[in-house]
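Two chains, two frames, a set of hints: combine them into the complex.
Read off the chains here:
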Amino acid sequence: MSSRSLISIGLPKDTLSALAQCGYETFQDLEAATAEDLAKELNITNNAAEKIINVVHITPTVPLTQSGAALMNTSCRFPTKIPSIDRLLRGGLLRGHILEVTGVPGSPKETAALGIMTSFVEVDEEVLFVDCQNMVPCAKLKHILSSILTKERPESLALVHYMKIHTMADLMVFIQRLPLVLEAHQKVKLLIIASVSFPFQYPNLTLTSRNALLDTVKQALTKACTFKNLTIVTTSQLATKLLKADGTPGTFDTGAKGIMVPQLGPAYLPSGRTYRVILSRVGPTSGYD
Amino acid sequence: MRLTRFRSDISPELLTAFEHLGIKTVARLLFLPSYDLFRRLPPNLTTLQELEACLSSIAEHSSAAHLRGRDLILNDTCSNSPALSDGAHVLDDLLNGFGHSRVIEITGDEGTGKTVLAMNAIKHFLTSDRRRRALWVDTTGDFSLERMVMLCETCTTSDLALMERLEVAVAFDIEEAYNVLETWFSPFNSKRDYQFLQHCVVIDTVTSLLGPILSPVSSQGHAIMVDFMYRLRELSGISSARVLAINRTAMERNVRGAVILAKRKPALGPSFTYLTDVTLWLSQVKDSVKTEVNQGSVCIANIYRSRTTVTGFSYRFTIEHGVVRPCEG
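Respectively, the protein sequence lines represent chains X and U. The opening residue of the first sequence carries number 1 in my numbering; numbering runs sequentially from there. The opening residue of the second sequence carries number 1001 in my numbering; numbering runs sequentially from there.
What the hints contain is simulated information worked out from the structure, not anything from laboratory work. A virtual CB, placed ideally from N, CA and C, is assigned to each residue, including glycine. One or more of the hints may lead you astray.
Derived pair list, reagent style BS3-like, types lysine-lysine, alpha-carbon separation capped at 25 Å [stated by the list, open to error]:
1. LYS164/X / LYS142/X
2. LYS140/X / LYS81/X
3. LYS257/X / LYS241/X
4. LYS164/X / LYS140/X
5. LYS13/X / LYS1024/U
6. LYS1024/U / LYS51/X
7. LYS187/X / LYS81/X
8. LYS13/X / LYS51/X
9. LYS40/X / LYS1024/U
Anything over 12 Å on all C-beta distances counts as not near chain X; from chain U, calculated [claimed, not checked]:
10. THR1016
11. ALA1027
12. ALA1053
Looking at chain U on its own, in the form it has when it is part of the complex (with noise of 0.2 Å):
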């Protein structure tokens, strides 16, 4: 961290006197003794007792913010909101967070309903609140707002309001992306909003932002995904929001490199399920007839892997026409 974003708590030609002491960032200046620093200074510039305090300002403002339990208790009841999804608990879980997680991974293989299933809380999450706003992230140039409009038609509050509150955008690679988020979320101030969940941003597909930079031979796609998810949550924190990853599969490799036939497991490698704080796992049910997801089949969403919440709990719900809906029976 640099001296120059604390400003405040330096005077300009203390500031100017560090630099010229080869002093520039917070590390150097506080893990040195603050006498041996006094001394090595310009004879009245300032006194030990203003450096001291100087110090201690510089260490309380570079330091991480505090968090109460009280407050996250508090958050954490706001933000869950009534059922609403007519007993598809998946969507009511998926809204509530599973407990309060942040960002949430949904996996499976193609076909399983991953993006009807996004869609389907992202209108849950615009018609609970009419304060509520969400962001899509087309990063494969496959969403179709026509089916978004076909799903909202579903519901009683007009459609052109609902879409209002919808903001689509493409990014087909990472910097795009960075800069859709940043954009989308910069009017947002620092201070947390305890009162509701305001927003809701689904990333389709995050597997091709983050896919093309991992690489065998270098680590620096490895530290970019992490970044990015870092940020993800930072963000996502900052504004009240809650990130819906969509994630795509691989194959199963054993340890000699070869393909396990048969078993899928979530892309972009091992680590990527714990940059997030849940991964849903769908698949659909193998003795339905219909190969289709739109006509009518029946999936399980299991949780793959939760910070929040048990893991290994299942959620069966059929999807019809685009429209997710309780299982029967």
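Chain X with its partners taken away, still in its complex shape (with noise of 0.2 Å):
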């Protein structure tokens, strides 16, 4: 049991003060202690004496830390079967990365998804697509993995999961839960969000709030990848953005030139392990190639 300081918990004033009147200041000495004595001796509730308790005796079940050498061997790359975004991933995305594809209405940002999800099919790994602006519908997807169903790989019908979110309170029940879901799903190894900045389209959203979500979300993706090794994509509309001559942010009245930028910004995001891809027409008749 470690030296460390009963400061560092963060409890009420009272409390502390009555746990260092009767000399309890590390976890060391609260290894033996039980929680009616504790209530006892400083004169508290039961329920009080048993939150300090679990909080001293708990121990960590996941290794905490993980060395370079094991994040580096991790290092699958999954194509998108579209050349030019390969080309720029270098042949692919790295597993345990994050690839953010955002374009003009009608680029192929589900297709590069799609691609995706069909590299993990192929080896055999389970993906979990959700869909949060039903740009992708159950038919297409059993279109494609029909196309991939071969004699020995019969099941690859089984191996995705897809599930629909409308509204932002089911998107952050979901992305506060993803650690749960991918406990009771250990073979899900690519989470698909399509149509990720749609939930966050909320009329009367503030900016504090907005931030507040984007943080939350960047922390649980964060953990997700560090921890399980997970695998994302997530597609994302572009907005459109008003400058002023000089550089500065305007409005429809003042400003002089309008650029497209990702709707959600990198604030979602942990910029160490993620890859943002913006696809924009050239031409009015061109595609990719």
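If you want it as structure tokens, here you go:
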């Protein structure tokens, strides 16, 4: 048991001073204490004493650190099946990393995500597909998966889990429950969130709330990538941002030029392991090669 | 301090007798005159001499360990490593601790090269000795293993061997950071290793751990901050480690709370700098044309405050493609 001080837990002031008066200073002092004895000695409720004992006796079950070599060894690349994006990613998306594909309407954002999905299914790994805007119906997924169905791989349909999310609340519940979902489905190695920006178009969302929600998403995604080695692909629309002639932000009345930027910004992605790709059109008749 | 921590010095019957008298802490025990205490104990439990011997043994074991000046100087000279960094003195002095400091704070505005400097320091630390290990605590999710691997590709030893000695942990709040540090440092016993500096820990950034708990209406956050920094010093002292804490900046405010434009200071309040041994302030040279640090801009590291070396001393270096190099000219 460590000699970490009890101040670090953040207990209420009265409890802390009661603990100090009875000589409890470090975790080591509480090693042999029980909740009932502690409650009697400190003159606090049984629940409060139990909470203190639980915090002190928590031992983390998952390994908290990973060596750089172990992180490097998981460097399998999964192609998107779109050659120009694969060239940008130097062969494909690395496992445990995040790819955000944004683009103008009609650009193959979902196609890139589905390409990575087939790459994962081809190696018999499970995929969780979350659709936030009904852009990819279940039938389309079945059609794509049936095209790669072979004698050796008859179960590719069973490898993809599909769910729809429409509201901000549903998305945040899903994000909070992500560790539990991954625990229940250990073979899921890829998460695709299509149109992740759509639930954020909530009419009364203040900037502070939005930033707080984006930060929660970033933490959850980073933990999933680090501890569960989950690969994530998100797609999003672009938003128009207007700038005045001197480069400062403007409005539709004062702006001199408009630029298109990904709708959510980089705040919801851990920058150390994310690739952000924007697809745009070269001309009215061009496609992708 | 509870008396139960000193079971080797007190017999169980004596401990029970003390508890019946309401004496559970070392402070209460030692400040009572020994004869008064002897009179209050049940008869025939112990003699006065035995009681006094027990009290002096508890006093010895509950006091802080002594340090010899000779051993401290020996530790200081042994932990200095030879210069490795091709002349970038800031890296040599960072690894040597600017003297013998344990916790170094690296602060500066965004884009001034704090993370790059720390990555270069870790690379040199690991290449200098095969027994050395490093821990990178990522508190924002922005650590890029690829950048670290690319940086290590410039050194002669194999990447994988180096990467095995670097561990990466993610901790988004103070509780997770405590768990990571306690777990990582737990294999090391309490005996100090005077041989050489064995471990290095980088916390990038300490602002995201401590900033959210500080509050203007309660001092509990400040108490937790102080406890965290003391614990870092204690752990680094026990296991012969150097800790680099990367801190962001905040706006300087005058007495009335108004913002003083164009003046920034290290975040986490005025007392944070006193919780570390050295505070290094990074800035970019103003006349450099390039705005991105990775494209060969000149940076200055200024010793903002230090316990162990001269304050105000500056180092100049350049950062090209993520590598810290000495400044020419």
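Here is how each hint holds up against the structure:
For a cut-off of 25 Å, the pair hint linking LYS164/X to LYS142/X stands: about 16 Å separates their Cα positions. Annotation: proposed proximity of LYS140/X to LYS81/X holds, straight-line Cα distance about 17 Å (limit 25 Å). At roughly 9 Å between alpha-carbon atoms, LYS257/X and LYS241/X fall within 25 Å of each other, so this suggested pair holds. For the proposed pair LYS164/X and LYS140/X, the alpha carbon gap of about 14 Å is at most 25 Å, so the pair holds.
Restraint check for LYS13/X and LYS1024/U: the C-alpha separation of about 21 Å stays at or below 25 Å, so the hint holds. Restraint check for LYS1024/U and LYS51/X: satisfied, since their Cα atoms lie roughly 23 Å apart, inside the 25 Å limit. As the CA atoms of LYS187/X and LYS81/X are separated by approximately 23 Å, the hinted pair is consistent with the 25 Å bound. At most 25 Å may separate the alpha-carbon atoms for a hinted pair to count; LYS13/X and LYS51/X meet this at roughly 15 Å.
Distance check on the hinted pair: LYS40/X and LYS1024/U sit about 14 Å apart at the alpha-carbon level, within 25 Å; holds. In this structure THR1016/U is separated from chain X by more than 12 Å, as the shortest Cβ-Cβ distance comes to about 14 Å. The claim that ALA1027/U is not at the interface with chain X is violated, since a C-beta of that chain comes within 12 Å of its own (minimum 8 Å). Under the 12 Å C-beta cut-off, the non-interface status given to ALA1053/U relative to chain X holds; the minimum distance is some 22 Å.
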